[in-house]
Structures are given as C-alpha cells and as structure tokens.
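Asker: The lines below spell out each chain.
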Amino acid sequence: MTTASIVFVVDDDPSVRSSIKFLLSTVGLQVESFESADTLLHKKLPDVPSCLVLDVRLRGLSGIDIQRTLAARNIQIPIIFLTGHGDIPMSVRAMKAGAIEFLTKPFRDQDLLDAVRVALEQDRARREKEVEVTDLQRRFDSLTAREQQVIAMLVSGMLNKQIASELGTAESTVKVQRSRAMEKMQAQSLVDLAKMIEKIKGPSEKAS
Amino acid sequence: MTSERHPAQTDREREESALRYSEQNYRLVVETAPDAVISIDESGAILFANPATARIFGYDPTELIGKPLTILMPEFLRKLHENGFSRYLATGQRHINWQGTELTGLRKHGQEFPVEISFGELSRDGHKVFTGFIRDISERKQAEEMRAAHARQIAVRADVSIAFGKEESLKTILGECSEAIVRHLDAAFARIWTLSDDGKMLELQASAGMYTHLGGPHSEIPMGQFKIGMIAQERKPHLTNDVLNDPRISNRAWAEKEGMASFAGYPLSVGDRTIGVLAMFSRKQLTPDTTETLASGADLIAQGIERKRAQEALQMTQAELARVSRLTTMGELAASIAHEVNQPLTAVTNNSNACLRLLAADNLKPEVLRRALEEIVADGNRASAIVTRIRGFIKKDPAEKNRVDINDVIQEVLALADRELYENRVRLERQLTKALPLVFADRVQMQQVLLNLIMNGIEAMIAVTDERSLWVESRVDESGDILVAVRDSGTGLGSGADRIFTPFFTTKASGMGMGLSISRSLVENHGGRLWAAPNFPIGAVFSFTLPVSAGSPA
Numbered sequence: 001m002t003t004a005s006i007v008f009v010v011d012d013d014p015s016v017r018s019s020i021k022f023l024l025s026t027v028g029l030q031v032e033s034f035e036s037a038d039t040l041l042h043k044k045l046p047d048v049p050s051c052l053v054l055d056v057r058l059r060g061l062s063g064i065d066i067q068r069t070l071a072a073r074n075i076q077i078p079i080i081f082l083t084g085h086g087d088i089p090m091s092v093r094a095m096k097a098g099a100i101e102f103l104t105k106p107f108r109d110q111d112l113l114d115a116v117r118v119a120l121e122q123d124r125a126r127r128e129k130e131v132e133v134t135d136l137q138r139r140f141d142s143l144t145a146r147e148q149q150v151i152a153m154l155v156s157g158m159l160n161k162q163i164a165s166e167l168g169t170a171e172s173t174v175k176v177q178r179s180r181a182m183e184k185m186q187a188q189s190l191v192d193l194a195k196m197i198e199k200i201k202g203p204s205e206k207a208s
Numbered sequence: 209m210t211s212e213r214h215p216a217q218t219d220r221e222r223e224e225s226a227l228r229y230s231e232q233n234y235r236l237v238v239e240t241a242p243d244a245v246i247s248i249d250e251s252g253a254i255l256f257a258n259p260a261t262a263r264i265f266g267y268d269p270t271e272l273i274g275k276p277l278t279i280l281m282p283e284f285l286r287k288l289h290e291n292g293f294s295r296y297l298a299t300g301q302r303h304i305n306w307q308g309t310e311l312t313g314l315r316k317h318g319q320e321f322p323v324e325i326s327f328g329e330l331s332r333d334g335h336k337v338f339t340g341f342i343r344d345i346s347e348r349k350q351a352e353e354m355r356a357a358h359a360r361q362i363a364v365r366a367d368v369s370i371a372f373g374k375e376e377s378l379k380t381i382l383g384e385c386s387e388a389i390v391r392h393l394d395a396a397f398a399r400i401w402t403l404s405d406d407g408k409m410l411e412l413q414a415s416a417g418m419y420t421h422l423g424g425p426h427s428e429i430p431m432g433q434f435k436i437g438m439i440a441q442e443r444k445p446h447l448t449n450d451v452l453n454d455p456r457i458s459n460r461a462w463a464e465k466e467g468m469a470s471f472a473g474y475p476l477s478v479g480d481r482t483i484g485v486l487a488m489f490s491r492k493q494l495t496p497d498t499t500e501t502l503a504s505g506a507d508l509i510a511q512g513i514e515r516k517r518a519q520e521a522l523q524m525t526q527a528e529l530a531r532v533s534r535l536t537t538m539g540e541l542a543a544s545i546a547h548e549v550n551q552p553l554t555a556v557t558n559n560s561n562a563c564l565r566l567l568a569a570d571n572l573k574p575e576v577l578r579r580a581l582e583e584i585v586a587d588g589n590r591a592s593a594i595v596t597r598i599r600g601f602i603k604k605d606p607a608e609k610n611r612v613d614i615n616d617v618i619q620e621v622l623a624l625a626d627r628e629l630y631e632n633r634v635r636l637e638r639q640l641t642k643a644l645p646l647v648f649a650d651r652v653q654m655q656q657v658l659l660n661l662i663m664n665g666i667e668a669m670i671a672v673t674d675e676r677s678l679w680v681e682s683r684v685d686e687s688g689d690i691l692v693a694v695r696d697s698g699t700g701l702g703s704g705a706d707r708i709f710t711p712f713f714t715t716k717a718s719g720m721g722m723g724l725s726i727s728r729s730l731v732e733n734h735g736g737r738l739w740a741a742p743n744f745p746i747g748a749v750f751s752f753t754l755p756v757s758a759g760s761p762a
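Line by line, the protein sequences are chains A and B.
The numbering used here puts the first sequence at residues 1 to 208.
The numbering used here puts the second sequence at residues 209 to 762.
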C-alpha cells in the first residue's frame, strides 16, 4: 500500500489505540489516532485516500453517531467498526449504513489489515472517479448551451437529421456543433461520449 | 473461787486443791466435748477415749483401751500413720500438720468418713503421751461437695451456652463443649457424635481430654452398633461404674491398662429425634451429681446443635440468594465487562501480531520489541485485575467478615461500574471522608450492596436527558456509625416507594426484584440499616449504615 494513504483510529482506550497503530505501521500504513469522536470531527481531513477504524462504544458520540454525522456532512470515508462484544443488531445497522467491516475485539490481525486494505482501495477508487467526474463536468460546462443540447440528444440515440428537425436548424449546423462538442469533451467516439455523460449524470447510482 | 481459800491450809494443800480443780475442769471439758478425744502412748495403744468417741466411731470408749489407734483408720492410712509416728518418735520430725489436718476415719461398722484432727503431746515419767481431738466433718464435707457439684453443673451449662453463643463452626463449638465436660467433670476424655442426615451414621465431631483426634475407628459409628450406636438407637443413657465388667464396653484390656473406672453416654435428643451422642470415660466413679450434670449438659448441647443447624441453613439460603443476585447484577453488567476485558486482550493480540510480522520480515528492532513487550505485560496485568475483581465479586464463599475500610470497597465497586457510568454518560462525584474508622464486614457482600445501589441509580437516570449525576458519599453519622449514601438525579422513588424493598418487586424489565431486598438483609446481617429517601430537587438517595469495628481508631 502506498504511503499516500492514512488510517484514522478512534478508540477511547490508549493501549488499544497504540497497539492498532503499531500493527498497521508494520505494513507501512500511516496512522493518526483520536481518543474521541469530537476531536476527529473537528479535524479537517486531508485529501488523501483514507479510512476510519472506529470503536462502537465511545464516550460522547458513539461510533454509530460518527457514521451518521459524516454521512450527513457528505463525507464519504469508509468505516471499519470495532466492538468489545458481539452486538449483532448494532453491527447490522452499521453495515447497512455502509460500513466496510465489523470486527469483534480481539480480532485477527489479518482481518483488520484486509479490511483496511479494502477500505483504502475503495476510497482511492472513489477519489479517482471523483476527480474524473469533476474533469468531465468542467469540460461539459465549457460547452455552449446549444452544444450541450445537441450532445444530450445524441446520447439519447437521436440521429443528426432528427436533431436538426427538432431544433429547427440545418443538419450541417448540427454536424458542426457535434464535432465541436466532441472535441471539447475529448471524446474519441460517440460511445465514449455516451459513457462520459453517464458518469457526469449518475455518479451516485454506482457508488458503494 | 480463790476466795474459798482457807487460812489453815498449807501451801501444799493449796497446790493440791488447785491441781484437783484443774483436773476436774479438764475432765468436764473432755467428757462433754462434741469431738472425740483420744490419748495414745508411745506404742500407739489407746490409753483413753471420751464418750463422744462412741458417737463418732461406734466403739464404746472402754473397748478401745489398749487397742492400736490404727483401728480407727481405713487400711490405706495405717501404714502411713505407723511410719510417720515411729519416725517422729525417733527423729522429732512431724509428717503431718498437728492442727486441723483433714484425714479419713473408719467407723466400727466399716464406714469411712472425713475427719479433722488436732493433737498435742506431753511427757509423763519420761514417756510421751499424745492426745488428739477428732472431729467428724461428714456434714460439712457433704455440704461442700453439694456446693461444688452445683457449681460444676452451672459451669458446664455456662460453658456450653457460651460456646453456642460464638460465631464458630459447629465442630469448634462442640469441641469447646467436650472440653468443658473434661474440665469440670474430671473425665479422662469426652466425645460428641452427631447423627448423619440419613440417620445411619454417627459422626465424631469433637473429642477432648486424653484423646483429641477425630479420625480412626470411632470417627464413624453405624446407628445401633457398639455402645455409642446403641445409646443413639435406644435413646437411653448408658451408665456404668464398672467398665471392666460391663458387657457393652468392648475394649476391656484398654480400659484396664488406662485405669478407667466409669463410662457415661447420653443420647442427644430434640423432641423425639436423636441427633447425636455425648459420652465420657472417667478414672473415677460416677456420682449422681456427675450424671445429673451430664444429662442437663446433653439437653443443652442437643438444643444448641439444633439451633445452630437452623441458623446455618438460613445463612446458606441467604448466601445462595445473595450469590444469585450477584450473578444477576453481573449479567446486567456483562456487556460493559466484556468490553472492559476485551480492551487489554485486543491490545495484547495487536502488539504480539505486530511483532510477529516485523520478525517475519526480519525487521524487529530490540527497542521496538521491548516497548511492545512492556505494553503486553501491562495489558495482561490489567486483564487479570479485571478478572480477579469479577471473580471476587461472584464467589460463592459464605460470609467472611474482616476489618474493612469502606472507602476501599467504594473504590473497588466504582471500578466495576466505571464503564457503565461512562457509557451512560453519568457524571460521578465522590464525597468520601478520609481516614474513616474501619467496619467489620464481608467485603464481597458490601461490594454487592453498593454495586446494586449504583446500578439502580444509573438505571433511574436512563430516562433523564439533562445532566445525569451520581454522588457517592461516605462519612460518620450522628450516632458514630459509618454512613454510605448513593444519590442520583433520576426519576425518583415514585409511587412504589414503600415497596422497593419487597422481594420480587421491580420496576425494571429485566430485573429480578431481589437487589434491594437482598441488599437490605445483607446490611442488617452486619448490624446496619438500609433505607431510601427522595433527593432534592430530583432523584433518590439510598443510604446504609454499618457499625464501627471494635478497636478501630475513632
């Protein structure tokens, strides 16, 4: 795993905190630990692939509370929950709310490392996608209103002739607008363009 | 009287007259004395005996003249007397006190009786004459003996009562009872058996005197067998002053060798049930006083055993109930305890695994290993301390009272409840008075009472959304007892206030309704009180008191 990622650990027990940090450090992971949810939530999280290892039972806000608060703030950081005892209803709730894993203490080291790896990969993928979508959106925004209109019709499967008739212009005009838009969007083909538009319009549909 | 002196009398005549008068006077005293007055010569032959001799010894004074003095003594004293007497004549050394010596006399018809003698000597014509006063002290002795017997009986009963008043095991108490019998009734040894629950076996519980071991062939005697088993079965005492010829005494050779004279065995009965046997062997004869004392002692011991057993049964039920209630409390605490134990275990596992990984990669630096091991040791100790605390709390042992600092108990319980307080966001305030006098208490039971009150307090605050506060206070109250109070800002006592100490009354969904009722009986068993009152402005306060242990610095 790359050093450009970071794992946040929240546990109110100092020895558990430091032991998790030690364990994760053996595979080269960078770890930052917190004793409570409040300190974590007040922190501006760095813009690198990261994940959260959270104890369910915490003073003040519980792990589940943190999950909810982050979701409300639209912070999409993957969460791995730790619990001192097998609390099944709580684990079901946490997993439904999108947790990566729910581990009962004491857990197998490999289970935590696997979960952290999955979480970081997921976050990295999400970030990469986010970057791509942002870029596409920027390109899309650089189109004129008419060009956006033409592209939308093209992607929906309409022919140049149909578009011209729909817009009340010449077919040659549509062709010019189409090639200009393709160029601005850096699309190689119509299929390529269709994929780009899909990414811009529906990012949430495929998210974890 | 000297006024009758005649002027014509010569000095000699006057002397003779005076002498005659003196002799008559002595004769009168001797003839009318209530004690026997006897004179002997140097050969020990009786020269003179007064009339009282006849009343005391049964001999006519005249028939004693010329007889040896030893005729008035029992066989065992004769040689002693002869030796002492001849030694005195030869050396002038007295072998007994001449004034007020207690000896044994022998009446003409053979009865021995206690006498007190005083005697003196005078010389006549170079020969010594001894004259003695012999007083029959039978009645005095009898009265003394009666007083002593009465005192012995009182002493046995008192010692038995004292023994049963102690908070000791039944075995220890019966040991003291058998010691009292040996001590006061001059027994060679005394033993107490109790009947087993199934009524088949008599089990030796105590043995005092020359044998004190409880093992061996006498430790268990089947009902109905041997003299002890028969006493229990027949429910009748067995008494003998002739152990050598008693058919029930099986070990005759032993009895003869040890010089045993008597045996007394009494059934220990309560109503129409036999619950054991009390028995003693003695080298002396049994007297009616001894057997009477034994019979009354046996009654007292039987009643004591019965009472003690009832008490023990009650205590065991209470102890078991208390333990079940402790387990229930532990069940309620289970989640937070699991978490608390798992924390250090998690740290240990993580640190170990991390080291193994570094080792596999050949990258484990000694400094890193040392730090990890130190943490592993610390966490191991932490887990073990938690387990010890829990184990101590749920142990089954019956009450074990020691001198305890109640503040220590409070701290231990707050450690157990720490996670529960923490997760329920309860603010804890300790108001502990330092250097409190110690109390004499069972630590585990006091932990239980406190934990129960604290858990109740937390529970009462679950519905409270404002600040949840719990105050734990310790101090000396107005009457000098130790007072512990647990105050909460919860929903208060409400309408069930008068029923909260009733068994099985509960307002909780998962509660057994035993906590407060058991806590109250545990506190009362310690001589204290437990009560509830409203707290102001909201919540409830539960307080209990414990008497200060004797000898504690005030």
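Check before you lean on any hint, since a few could be wrong.
To give an idea of the interface, some chain A residues facing chain B are shown, with a C-beta separation under 8 Å as derived from the structure [unchecked claim]:
{"no.": "1", "residue": "16"}
{"no.": "2", "residue": "19"}
{"no.": "3", "residue": "20"}
{"no.": "4", "residue": "22"}
{"no.": "5", "residue": "23"}
{"no.": "6", "residue": "26"}
{"no.": "7", "residue": "30"}
{"no.": "8", "residue": "57"}
{"no.": "9", "residue": "84"}
{"no.": "10", "residue": "106"}
{"no.": "11", "residue": "109"}
{"no.": "12", "residue": "111"}
{"no.": "13", "residue": "117"}
By construction, these hints were calculated from the structure, which means they are not laboratory data.
Small disclaimer: the values here were computed from a predicted structure and weren't measured.
Virtual Cβ for every residue (Gly too), placed ideally from N, Cα, C.
Asker: All hints, please: hold or fail.
Answerer: Okay, the hints, checked on the actual structure:
no.	hint	result
1	16	5 Å, holds
2	19	4 Å, holds
3	20	6 Å, holds
4	22	5 Å, holds
5	23	4 Å, holds
6	26	4 Å, holds
7	30	15 Å, violated
8	57	6 Å, holds
9	84	3 Å, holds
10	106	4 Å, holds
11	109	4 Å, holds
12	111	11 Å, violated
13	117	14 Å, violated
Violation of the numbered hints given earlier is confined to hints 7, 12 and 13; the remaining hints are satisfied by the structure.
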